[in-house]
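Asker: Read off the chains here:
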Amino acid sequence: MIRAGFLILAATFAAFSARAEEATVAVAANFLTTAETLAAAYEAATGDRIVLAHGSTGRLYAQIANGAPFDVFLAADAARPAALEEAGRSAARQTYALGQLVLVARTPLDDPAEAMTGRTVALADPAVAPYGVAAVEVLQRIGATPGALVHGDSVGQVAALFTTGNAEMAFLAASQLPLLGDDIQAARFDGLYAPIVQDAVLLDRGTENAVARGFFDYLAGPAAAEMIRAAGYGVPE
Amino acid sequence: MTGVWPAVLISVNLALATTLILIVLSLPLAWWLATTRSPLRTVVEALTTLPLVLPPTVLGFYLLILFSPETALGAFWVRLTGETLAFSFTGLLLASCLYSLPFAVQPLQTAFASSGMGAMQAARSLGATRSDAFRSIALPLARRGLLSAAVLSFAHTLGEFGVVLMVGGNIPGRTRVISIEIFTAVETLDYRTAHMLSGGLLAFSFAVLLILYALNGRAARTLG
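In order, the protein sequence lines correspond to chains A and B. Quick note: the first sequence, position 14, residue 14 per my numbering, numbers continuous. Quick note: the second sequence, position 89, residue 1089 per my numbering, numbers continuous.
Simulated from the structure, these hints should not be mistaken for lab results. A hint or two may mislead.
Listed next, with one range per pair, are the computed distances between beta-carbon atoms [as the list claims (entries may be wrong)]:
{"#": "1", "chain 1": "A", "residue 1": "E237", "chain 2": "B", "residue 2": "L1202", "range": "45 to 55 Å"}
{"#": "2", "chain 1": "B", "residue 1": "T1057", "chain 2": "A", "residue 2": "G47", "range": "31 to 41 Å"}
{"#": "3", "chain 1": "B", "residue 1": "L1025", "chain 2": "A", "residue 2": "G47", "range": "54 to 64 Å"}
{"#": "4", "chain 1": "B", "residue 1": "L1215", "chain 2": "A", "residue 2": "G181", "range": "48 to 58 Å"}
{"#": "5", "chain 1": "B", "residue 1": "V1012", "chain 2": "A", "residue 2": "E237", "range": "29 to 39 Å"}
{"#": "6", "chain 1": "B", "residue 1": "L1215", "chain 2": "A", "residue 2": "L179", "range": "44 to 54 Å"}
{"#": "7", "chain 1": "B", "residue 1": "L1215", "chain 2": "A", "residue 2": "A65", "range": "50 to 60 Å"}
Not close to chain A: a few residues of chain B, all C-beta gaps over 12 Å, as computed [what the hints assert, rightly or not]:
{"#": "8", "residue": "L1009"}
{"#": "9", "residue": "A1017"}
{"#": "10", "residue": "W1032"}
{"#": "11", "residue": "L1040"}
{"#": "12", "residue": "V1043"}
{"#": "13", "residue": "E1045"}
{"#": "14", "residue": "S1068"}
{"#": "15", "residue": "L1093"}
{"#": "16", "residue": "G1127"}
{"#": "17", "residue": "L1146"}
{"#": "18", "residue": "G1168"}
{"#": "19", "residue": "T1184"}
{"#": "20", "residue": "G1200"}
{"#": "21", "residue": "L1201"}
{"#": "22", "residue": "A1203"}
Heads up, the beta-carbon is just placed ideally off N, CA and C, and yes, glycines get one too.
The whole structure should be built from the sequences, with the hints applied where relevant.
Answerer: Now the structure itself:
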């Protein structure tokens, strides 16, 4: 009886120690599908587990500032990772991707500014989402006058507003295009917005976690770079 | 300071309009539920209680699909007003009415069921018409229920978050209500604004419930 109890106890501890072989990664919404691909490849190669939590960069940043249990943070900008570094919360920082902004619609987009006139255009909330900041910059540069601008919490929600047909056009990350299906027109605005430099941070909580460090280093490797480029991002040289 | 007032104004407008509409709709519905012997009663009762148990995301998801200009309702609305139901005050109003429906119907139904029937029949036998008896007997007897329904609808709409986040489009001055403003303030670490709005909402909600229970207690004593 006591022996059986001991075995159960041992099994429980084994289960717990197995659970320690994982890292929790906070991912900006634009990078979620790409991060899923990367995590699956990493898991297959190492047998470790990567848990992904996603949201707008601003929301995740606020959660980390309040002690959220994340080991790695894949932001959609460089400003918030830099702020974490300044606050002593970052053990390492690197640029893992260069974001590409796209405007999508179901109607022709040869002249984006004209196409947006009087239409409902969705973008990520610039207060918390770097892709929203870039979208606002583009709107100003090309002098577009949409009928209404609506904010999603992140590019993920913006995609939902667009695919359900509630928003006629939307500013998204190029990596989201495959999710939208066929018959979608997309316009790019290279050079019309400040580069979306997406930085990754190995957080203080993840310093002791071999899986977290392993995944963080894996991001900078050639295999990851290829997947990131294939998903529609630029990769730092 | 000026930054938070548009959100407060929208929230209060939304809550007031929702409460008015819900009271008008709920009075006949609650009366019917309290008095009918129709076999449909249980079905309607279950339907009106649904928003109470469903996560706001379910309501938000279906509304987003319903509001789309590709559906009959969405297309009709765009033809009528030139704007989509999603991202508009009207859309939020519709969502709030669904979301807060049980909070208006249930207190009224309970009030109608527990009072009025005997007195109504007495009034009818003395020659009062049906609507006359309803207005002068049932309604006054159910005034506690009416007060509860109004206050709970108002407060519940003020506290709405998930549905508005999904169908509102978070537009400052149009659909950005208090709860969304708090969400954004917390996300941008603007705790001053978050404290101001959260504290205000907390104090207001407590005061409203305190007054409601105080009035109900007194009404219970005077009615015996």
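Asker: Does each hint hold? Answer for all of them.
Answerer: Here is what the structure says about each hint:
For the hinted restraint 45 to 55 Å between E237(A) and L1202(B), the CB-CB distance of approximately 52 Å keeps it satisfied. Distance hint for T1057(B) and G47(A): a CB-CB separation of about 34 Å, consistent with the stated range 31 to 41 Å. Take L1025(B) and G47(A): their Cβ atoms lie about 58 Å apart, and the range 54 to 64 Å holds. Take L1215(B) and G181(A): their Cβ atoms lie about 56 Å apart, and the range 48 to 58 Å holds.
Look at V1012(B) against E237(A): about 54 Å separates their beta carbons, and that is not inside 29 to 39 Å. For the pair L1215(B) and L179(A), the beta carbons lie near 53 Å from each other, so the given range of 44 to 54 Å is met. Checked against the hint of 50 to 60 Å, the pair L1215(B) and A65(A) fails, with Cβ atoms roughly 44 Å apart. Every C-beta of chain A lies more than 12 Å from that of L1009(B), the closest at about 19 Å, which supports listing it as non-interface.
No Cβ of chain A approaches the Cβ of A1017(B) within 12 Å, the least distance being about 21 Å, so the stated non-interface status holds. Look at W1032(B): its CB is around 34 Å from the nearest CB on chain A, clear of 12 Å, so calling it non-interface holds up. Distance check for L1040(B) against chain A: the nearest CB is about 32 Å away, which clears 12 Å, and the non-interface claim stands. For V1043(B), the condition that its CB be more than 12 Å from all CB atoms of chain A holds, with the nearest at approximately 29 Å.
Consistency note on E1045(B): stated as away from chain A, and its beta-carbon is indeed over 12 Å from all of that chain's, at 31 Å minimum. With a least beta-carbon separation of about 4 Å from chain A, S1068(B) fails to lie farther than 12 Å from that chain, contradicting its non-interface assignment. Its beta-carbon lying about 16 Å from the closest one in chain A, L1093(B) satisfies the requirement of being farther than 12 Å from that chain. Every beta carbon of chain A lies more than 12 Å from that of G1127(B), the smallest distance being close to 56 Å; the non-interface claim holds.
No Cβ of chain A comes within 12 Å of the Cβ of L1146(B); the nearest lies about 36 Å off, and the non-interface call holds. A cut-off of 12 Å between C-beta atoms contradicts the statement that G1168(B) is not in contact with chain A; the least separation is 8 Å. A cut-off of 12 Å between C-beta atoms contradicts the statement that T1184(B) is not in contact with chain A; the least separation is 6 Å. With a least beta-carbon separation of about 21 Å from chain A, G1200(B) lies farther than 12 Å from that chain, consistent with its non-interface assignment.
Listed as a non-interface residue, L1201(B) keeps its Cβ farther than 12 Å from every Cβ of chain A; the least gap is roughly 20 Å. Its beta-carbon lying about 24 Å from the closest one in chain A, A1203(B) satisfies the requirement of being farther than 12 Å from that chain.
Violated hints for the displayed structure, listed by number in ascending order: 5, 7, 14, 18 and 19.
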